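Protein chains in written order, with this note's numbering: chain A, 20 to 357; chain B, 20 to 357; chain C, 20 to 357; chain D, 20 to 357.
Just so you know, these hints were derived from the structure itself, not from any lab. Since we're looking at a predicted model, the values are computed, not measured.
Any copy, or any two copies together, can satisfy a pair, since identical chains are not distinguished.
DSBU-like cross-link-like pairs, simulated, lysine-lysine; straight-line CA separation at most 30 Å:
#  : residue 1 : residue 2
1  : K138      : K348
2  : K338      : K280
3  : K322      : K168
4  : K322      : K348
5  : K280      : K222
6  : K335      : K348
7  : K322      : K25
8  : K25       : K335
9  : K222      : K138
10 : K348      : K280
11 : K97       : K280
12 : K138      : K190
13 : K335      : K97
14 : K348      : K338
15 : K190      : K168
16 : K25       : K97
17 : K322      : K338
18 : K335      : K168
19 : K190      : K222
20 : K338      : K25
Number of protein chains: 4
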Amino acid sequence: MIIVLKSGTSEADVTDVERRIRAMGYTPHTIHGELRNVIGAIGDDRGKERLRALESLECVESVTPILQPFKLASREVKRANTQVAVGNAVVGGRDIVVMAGPCSVESRWQVLDVAHRVKAAGARVLRGGAFKPRTSPYAFQGLEEEGLKLLAEARRETGLPVITEVMEPDKVDVVAEYSDILQIGARNVQNFSLLRRVGEAGKPVLLKRGMSTSIQEWLLSAEYVLAGGNPNVILCERGIRTFETATRFTLDLNAVPVLKKLTHLPVVVDPSHGTGHWEYVESMAMAGVAAGADGLLIEVHPKPEEALSDGPQSLKPDKFAMLMSRVRKIAQAVERDI
Amino acid sequence: MIIVLKSGTSEADVTDVERRIRAMGYTPHTIHGELRNVIGAIGDDRGKERLRALESLECVESVTPILQPFKLASREVKRANTQVAVGNAVVGGRDIVVMAGPCSVESRWQVLDVAHRVKAAGARVLRGGAFKPRTSPYAFQGLEEEGLKLLAEARRETGLPVITEVMEPDKVDVVAEYSDILQIGARNVQNFSLLRRVGEAGKPVLLKRGMSTSIQEWLLSAEYVLAGGNPNVILCERGIRTFETATRFTLDLNAVPVLKKLTHLPVVVDPSHGTGHWEYVESMAMAGVAAGADGLLIEVHPKPEEALSDGPQSLKPDKFAMLMSRVRKIAQAVERDI
Amino acid sequence: MIIVLKSGTSEADVTDVERRIRAMGYTPHTIHGELRNVIGAIGDDRGKERLRALESLECVESVTPILQPFKLASREVKRANTQVAVGNAVVGGRDIVVMAGPCSVESRWQVLDVAHRVKAAGARVLRGGAFKPRTSPYAFQGLEEEGLKLLAEARRETGLPVITEVMEPDKVDVVAEYSDILQIGARNVQNFSLLRRVGEAGKPVLLKRGMSTSIQEWLLSAEYVLAGGNPNVILCERGIRTFETATRFTLDLNAVPVLKKLTHLPVVVDPSHGTGHWEYVESMAMAGVAAGADGLLIEVHPKPEEALSDGPQSLKPDKFAMLMSRVRKIAQAVERDI
Amino acid sequence: MIIVLKSGTSEADVTDVERRIRAMGYTPHTIHGELRNVIGAIGDDRGKERLRALESLECVESVTPILQPFKLASREVKRANTQVAVGNAVVGGRDIVVMAGPCSVESRWQVLDVAHRVKAAGARVLRGGAFKPRTSPYAFQGLEEEGLKLLAEARRETGLPVITEVMEPDKVDVVAEYSDILQIGARNVQNFSLLRRVGEAGKPVLLKRGMSTSIQEWLLSAEYVLAGGNPNVILCERGIRTFETATRFTLDLNAVPVLKKLTHLPVVVDPSHGTGHWEYVESMAMAGVAAGADGLLIEVHPKPEEALSDGPQSLKPDKFAMLMSRVRKIAQAVERDI
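Could you put together the complete structure from these sequences and hints?
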């Protein structure tokens with residue numbers, strides 16, 4: 020931590036701040052500048068949260084951390100990429116893993132039809148929502164356990180492992196029973212009770228970025244899962260909220276190389292939510308892979324115009340197949356494959 | 020809903036969209052413009068979410084809702100202000116209700132000391148966190164049930180009703196046992212499982228705005244609680260996330276008059292989180308009341324420089340007393356009182 | 020400046036960075052932390068921009084400034100509030116100065132009618148646009164010099180000094196001839212050629228914040244004017260761009276106390292642009308004064324529904340008179356007046 | 020335009036709004052909904068700006084435009100891609116055009132050295148700043164006309180056409196004399212005087228997006244240039260301002276497919292400003308091309324650690340050559356080349 024003192028601070032104040040730093044277990048190191056004094060507090064930054072309280076002293080201008088506050092998620096702690104095995108796919112390995120399927124499981128026919136078609140196009144994981152977080156209480160809330168069973172049936176029929184969302188701690192067990200990856204949605208990225216609970220589950224976790232979660236906060240949320248004992252965390256960029264309204268969200272592909280620098284965890288991109296319009300999904304899927312993503316999460320529906328949720332951003336199966344052939348060429352251009 | 024068709028759409032396409040609108044139970048009304056056709060879909064907009072799926076048709080440019088999607092929260096449905104009684108205070112009545120206390124309950128001495136002092140200064144409700152949502156798993160997570168008991172003791176000693184946060188559905192009962200108002204934090208504003216659960220609780224709910232929640236989404240979250248059968252919802256503006264870094268968040272006081280227009284629910288402002296710096300809290304508390312807020316939520320700590328959380332934004336008790344005297348003058352200028 | 024080195028940096032790298040710091044004219048002061056080394060570069064931060072280039076070295080993690088980069092605008096350099104005299108009003112003095120009038124000057128009748136009515140209600144300065152920055156080239160662009168003459172006529176008739184916008188360096192002389200305050204619009208806040216030019220003008224400058232300008236950048240723009248030799252700069256908060264669409268912009272009232280801490284320049288609030296809807300203007304005008312603003316800038320039009328620009332956010336004269344009576348009470352509650 | 024009336028509006032009010040619409044030259048078409056009446060105003064939307072003023076009527080809830088407000092920039096008006104010839108490169112044709120060079124021209128040696136090296140790596144245009152828009156008045160402001168001459172010398176030596184920024188209307192002629200493309204910087208995207216002036220220049224214009232300019236506003240700025248008679252406009256996405264601080268800006272690659280849908284103008288991506296860190300430039304350059312961009316704008320400096328501006332985001336020449344070889348593979352994967 021760097022503690023910046025206000026200009027004109029007395030020597031007694033400097034001494035007082037140094038004393039407080041020592042009392043919290045750190046070693047102060049003071050630099051006397053021309054206009055201001057700055058004190059470095061030496062010790063492990065990760066426990067230094069308490070030093071921030073010094074900002075409430077009248078003589079302190081600001082308290083700035085030097086180290087990233089996450090530890091288990093950090094590439095400084097583990098240099099080699101984490102690889103998460105799901106069925107016979109490996110997220111974070113050489114190949115791009117595409118997870119595709121409907122936003123919501125709506126019927127047996129719908130999910131089986133899509134499952135066969137996304138598999139034929141090269142998807143390695145089937146996505147589908149059974150418990151749905153909906154902005155309005157009056158919108159379709161998902162088929163719940165019935166939906167989970169339909170996903171499991173699609174897995175039996177196609178061999179595709181399944182990813183689906185879990186929304187509350189109490190449902191982790193039942194979702195884990197039917198699912199191969201537990202998805203934490205954007206709205207739950209700082210639902211710490213849920214993060215702790217999936218940290219104890221034996222299944223991989225795909226953690227979506229919140230719509231206004233900074234990359235640092237996102238990695239701290241991953242840290243909750245890792246600290247709970249679950250090393251299999253996949254990060255998913257899905258668009259952040261900005262002033263632009265031409266798209267539903269702004270897909271932040273900068274996050275891909277930033278994450279590749281900061282963490283060893285695999286990174287997946289969701290261009291369906293990240294744009295909100297099916298017409299833009301293919302371009303952004305290609306861009307995501309070119310930026311270095313390890314996988315894609317894409318919404319596919321046999322009849323988007325009748326979908327019970329997210330119709331505007333869902334691709335028809337034939338458009339998805341076209342996307343896959345184009346994304347494959349990008350993957351090969353970066354010496355990977357699908 | 021207004022469905023805008025792309026320019027150059029054929030008459031057959033228009034007929035097809037009209038047919039689909041009828042199939043969903045609405046009446047289409049087509050306006051033939053000079054460059055585009057526009058179709059109004061007549062019926063209750065609140066169930067019209069499904070019409071949005073039409074946006075996935077090639078011939079459709081956009082689908083735009085006309086009505087606000089919330090119902091029970093709307094001032095169109097209930098014109099009179101909702102008043103929420105808490106102890107002998109009424110949130111949403113003539114008087115400004117100030118809720119004050121520490122970010123976290125840290126010790127018996129701390130919470131009792133603050134409780135007496137904020138009461139003496141005119142606060143009507145004691146705030147304090149027992150279950151703390153912390154960005155980092157390594158930060159202080161709260162005293163949990165022990166903290167709830169200390170709050171209850173402070174209530175017995177001072178007579179102040181208590182507000183504290185509940186973070187997961189399973190804890191609603193225990194928090195409701197000790198608390199007079201259940202606080203839903205910014206990070207849980209779209210934790211729909213939790214919203215449904217507090218909708219069934221018999222205690223008032225204070226619902227904080229998420230850091231990137233639009234006012235419309237926020238009111239839909241309130242709608243979850245109201246639809247669950249709990250009419251006592253208080254909304255709390257606590258700052259949104261923007262590009263500005265001079266403050267921790269940007270307190271959106273525009274939200275106060277916007278909410279007063281759209282909804283009958285009472286509105287409270289939290290200048291402590293909304294600024295993140297104690298030096299700005301008083302000014303923004305005054306501004307909040309001038310903008311029309313019904314109450315304030317303010318962090319007070321006997322020793323902010325040693326606080327286990329949110330020290331930089333906590334006021335010392337004497338500064339809080341000063342704030343109260345200034346806010347009182349603003350309240351009187353708008354024909355209210357504290 | 021604080022230069023943070025990456026973990027695992029060699030002693031040779033530390034020495035190299037120290038050498039480079041010295042070569043740029045600063046004194047390095049190295050703190051050896053547990054995980055990282057941090058180097059403070061001592062000297063005047065305001066010229067230290069070049070030190071930022073060190074961030075491109077492989078061994079450097081980040082370069083963080085300690086001092087605010089503005090100087091003449093800083094309260095550390097000049098503690099006493101700057102007061103800007105305009106006609107017989109003083110912006111930054113005890114009284115709140117309200118500047119009111121139409122968005123655009125549209126006709127002789129319109130501007131004279133409004134001028135008399137805002138004066139009667141207590142406004143001290145007449146606002147009106149002659150050169151209009153319009154998003155679309157097809158929108159009304161202002162009456163230009165003809166508009167300036169009408170403003171001057173209104174000043175003669177009412178005695179109210181005039182504020183109007185100047186959009187390009189070449190027009191500064193003609194605008195200064197007719198106007199008492201030169202307004203720099205939000206879209207020109209970083210038009211540095213224009214800032215330099217008004218820095219040489221003999222008239223006060225009202226500098227609006229850009230819609231995504233940080234407070235620090237805004238003060239650096241003010242610094243351009245001050246460094247040009249013009250000490251009479253008024254800052255005007257007019258709303259920033261955020262994700263919220265219920266209002267046209269998000270009026271950032273946090274900026275008022277932040278500015279009052281950082282700078283000696285007077286601060287004015289524009290609730291008309293800051294909300295974009297006439298229904299919210301009064302509440303936010305009151306909030307702005309309660310937050311500590313020295314003045315208000317408000318759009319008033321005799322027939323908003325026929326205005327050539329900004330009709331939705333313009334008040335009718337009788338609504339403006341009501342606003343003034345309410346704002347006066349707030350001003351008195353903070354020991355000021357209108 | 021769609022005019023939405025408030026619920027409970029009287030028939031007399033509806034008639035009054037219809038009358039006003041007719042008075043402005045449009046044909047009203049009223050839809051009587053269950054809860055609200057909606058009036059479509061038929062006529063050319065592009066002149067309908069004035070209809071927005073109806074929003075100030077008490078009975079009007081909102082006024083929503085249906086058509087995009089730009090015309091010459093629209094793909095509806097001109098379907099074929101615009102191709103802008105610069106030297107022997109064509110921006111908007113089959114090949115990706117890479118424009119590279121230093122942020123600022125600093126010396127003869129620097130600009131010539133970089134020019135030769137970026138040419139050798141495959142760049143087709145030399146970039147370099149002579150007039151620099153700098154946030155601080157105390158930062159290096161560019162070599163001005165001396166810098167233009169050095170750029171012209173580099174062009175003679177290498178044959179590379181030159182792009183450089185123009186900051187004010189008065190300098191358009193001198194910059195056009197030395198430069199092949201006139202760059203309008205992000206801070207001037209709504210400097211309408213400057214846009215009008217370059218609309219009259221005989222040179223292509225590269226128009227950067229502002230840091231908080233919506234795509235619609237950006238295209239309206241392009242419309243100013245096109246309406247001035249200059250058809251050769253290149254759009255450049257360079258990152259928008261968001262809450263994320265891990266990167267300097269958030270490069271909005273969603274904008275690429277959105278622009279490709281809305282407009283015929285070529286689109287270039289600037290990953291140097293869009294990320295602010297040299298380590299992320301290569302990934303985002305690749306992503307930009309995969310998303311469909313027609314070109315790249317990249318900062319290259321022989322010694323970034325001594326650069327007078329933008330050192331942290333500048334690539335060394337050898338890193339730039341590496342980037343080019345990787346971007347070429349992506350270009351080929353999308354059936355283009357460099």
